[in-house]
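Colleague: Protein chains in written order, with our numbering: chain A, 649 to 1051; chain B, 28 to 98.
To be clear, the hints were calculated from the coordinates, so they are not data collected in a lab.
Here the structure is a predicted model, which means the values were calculated and not measured.
The reader is advised that the hints may include incorrect statements.
[To be verified] Below, a list of computed lysine to aspartate or glutamate pairs in the EDC-like style, where the Cα atoms sit at most 16 Å apart:
{"#": "1", "chain 1": "A", "residue 1": "Lys1027", "chain 2": "B", "residue 2": "Glu41"}
{"#": "2", "chain 1": "A", "residue 1": "Lys1021", "chain 2": "A", "residue 2": "Glu711"}
{"#": "3", "chain 1": "A", "residue 1": "Lys1027", "chain 2": "B", "residue 2": "Glu66"}
Letter by letter, the chains look like this.
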Amino acid sequence: MAFIKKLAHITGDLIVDGSIEADQIKANTITANKFSGAVEEEYRAYAESITMTSYNTLYTLHEFDHPATEWEIAKGRSIDANVNYQLYAGTTSNRTGNIFTQVEVQVPNFWNPNAIALAHHDSNPAQYWQRVYMVGNHVNKFPSNQVLIDLQNPVYKSFKNLRYQYDFELSELVTNGNFNNTSDWVAQDGTLTVPYYGKLEGVSGGANKAQISQAVSVTAGKVYRLNYDAPVGSDLYKIIVSATADPADKISYQGDLAWNAVTGNNVQEFVLEDVTQVYIIVQNLDVGNDIAFFDNISLKELEPRTWVDISAYPTNPISTNSVLYSGLTTGATAGTYVVVESITHGISNNGSYSFNTTVPVSAYLGRFHRDMKCRIRAKHQVGAVQYVRLQQMEVNLHSRIVG
Amino acid sequence: MIVVGYNLFNTEDEQIIATIQGEYEILTDGQNAFLQMIEDFKDNENIKQFFWGIRLSPDEYRVTAYQDNEV
């Protein structure tokens, strides 16, 4: 019979002369001489001395390849460059304009789009923009330029306002948390009334602290936010998240889920593990005819979400939901160079014959493993100057395991 | 909406003018039009680049890719 042992704990050191195989290893710290599959890979490129004489004409500053990752592990790939330009005006008269620097990648002959996540329609925050969300953190799967929707009828779209939010609040789980009346709460060793806020008064001479409680269905393993108000500076209370209506069965997660209220709004966040129902208990601080005032008791599940606004001209590209893919190639044909990132930088000679400036440019290509041909190009729109010249450019090519 | 066009060098004022050749809703229509445009204009030495882009609104489009014209 196969040997099965769960939740084994070792206190002290475990020495293994051979190897350990696992689907997942979690640790606070790992110290190693080498990771065979590199977590991060760093490469570089360098160029200098490219003279751009013509106005508004694109010049290639450098061409280079972003190397495929070790072991073909899909990693987040980026290109970061610091481009040092010299504006040579050849006059002390004022010369002002812009330099455009862009990071480009060549569309390969074969490209397999990488899935990002299932996106759900949310709203239209502005004309021709559709806001969608994905459950979880997917920001590292978006390239800098575009997304792809619907592999059968491919639509490539620009996007903006990409962000991760860990705490999108789902629907309210507590009923009558604002105490419009006394329903939905079970009082014990005291009386619940609702003169304005919730008011709980214990029994004079009673041996137990008065409490009210309400059972709430939850999902094991999810994160929750508990809000509760203490509207009166005195007559405070304790709030407890318990497995039963008994405060003694309070749940622990990095400490007991029980807190004394302080005046004003109170907020707690915690994970509820291994339970599908909890009791929200409001308990007076003392026995006898102690009084507590409370209001706006709320429990909501927090859902991690990735938000992004997608170009929606002429209509919304997503009706209800659809899988988003990386749109790095923008749908352009093989061999075409895609502009992944473009930076416009203002420049002036400031009354000098020659003026130098450094422009940082950064492009994120998304998560994949393959070789990619890249180049950095630039043009200037500074009239009546001798030239704009690339003095030197340091390029960092980065690949890193991302979630 | 896919936008295809080219950057034309005007020899009189030595300015480069972006010219939209066509706009397409279907990806493959846009790709075919892009390749046809390159075939049609590849010998025009005043065309510096063919471009590929996306329309963001009736008044705005964004160039997302270039094919240099190697005359």
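Colleague: Sort out which numbered hints this structure fails and list those numbers smallest first.
Modeller: 3
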